[in-house]
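Chemist: Residue numbers (our numbering), protein chains in the order written: chain A, 2 to 116; chain B, 6 to 119.
I should point out that these hints are in silico values taken from the structure, not numbers from a laboratory. Being a predicted model, the structure only gives us computed values, none of them experimental. Check before you lean on any hint, since a few could be wrong.
To be verified - Calculated pairs, DSSO-like style, for lysine-lysine (alpha carbon to alpha carbon, straight line, at most 27 Å):
id: 1; chain 1: A; residue 1: K4; chain 2: B; residue 2: K88
id: 2; chain 1: B; residue 1: K14; chain 2: B; residue 2: K76
id: 3; chain 1: B; residue 1: K62; chain 2: A; residue 2: K39
Stated by the list, open to error - Covered stretches of chain A, going by a simulated chain B footprint (3 or more residues, C-beta under 8 Å):
id: 4; region: 58-68
id: 5; region: 107-115
Stated by the list, open to error - A few chain A residues that don't get close to chain B, going by computed Cβ distances all over 12 Å:
id: 6; residue: V47
id: 7; residue: S96
id: 8; residue: Q103
For each residue, glycine too, the CB sits at the ideal point set by N, CA and C.
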Amino acid sequence: AQKVTQAQTEISVVEKEDVTLDCVYETRDTTYYLFWYKQPPSGELVFLIRRNSFDEQNEISGRYSWNFQKSTSSFNFTITASQVVDSAVYFCALSLGGSARQLTFGSGTQLTVLP
Amino acid sequence: DGGITQSPKYLFRKEGQNVTLSCEQNLNHDAMYWYRQDPGQGLRLIYYSQIVNDFQKGDIAEGYSVSREKKESFPLTVTSAQKNPTAFYLCASSTGTGVYNEQFFGPGTRLTVL
């Protein structure tokens, strides 16, 4: 069975600080996809990134960057120069290859960016 | 504008009553999903549907029912058999059910049982 662990329940930072959200996953499959979603106070989940298990390149998109390391089964998310608008709950999720069709979500990290 | 709509945003129900949550999408997506979110927890899959007139149980289907008569619509009924229905319900859709297809989510319905 697959599992996603987000050990950080809540994080508070002051605006302009960098912050890293941790995600550790468990699966025996060799083909899988990892996702990050953002859930602002409005409740709607917003897709941020998808990464497949064969692509370990780090990715940067503006102030966001992701560090995928298969050796430690981690897919961490860093926000550089955080802003108040980054305040949200962030979810890491795992989807398996083959016939699997569902996302397994972590419990989420509540990020609060203080002005 | 393409997207997913869920109604109502807030819903109150008395114990023992069935209630139906609406989900409509105009993205022309084949697959649709229902998730439940409880405080401090991630999303858990209730049901999903790959095509019209077909749907499959997820991890926590007991006490819920769905239908998929139209591609655009995937309503969820919370029955009186659901022991703890108070939660936030999210509907999602994707172009297919392949693992590479990211899911797009609606704004959610918050259900409270009085």
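Chemist: Run every hint past the structure and note whether it holds.
Modeler: Against the structure, the hints come out as follows:
no.	hint	verdict
1	K4/A / K88/B	25 Å, holds
2	K14/B / K76/B	22 Å, holds
3	K62/B / K39/A	26 Å, holds
4	58-68	violated (count 0)
5	107-115	holds (count 3)
6	V47	8 Å, violated
7	S96	4 Å, violated
8	Q103	5 Å, violated
Of the numbered hints listed earlier, those contradicted by the structure are 4, 6, 7, 8.
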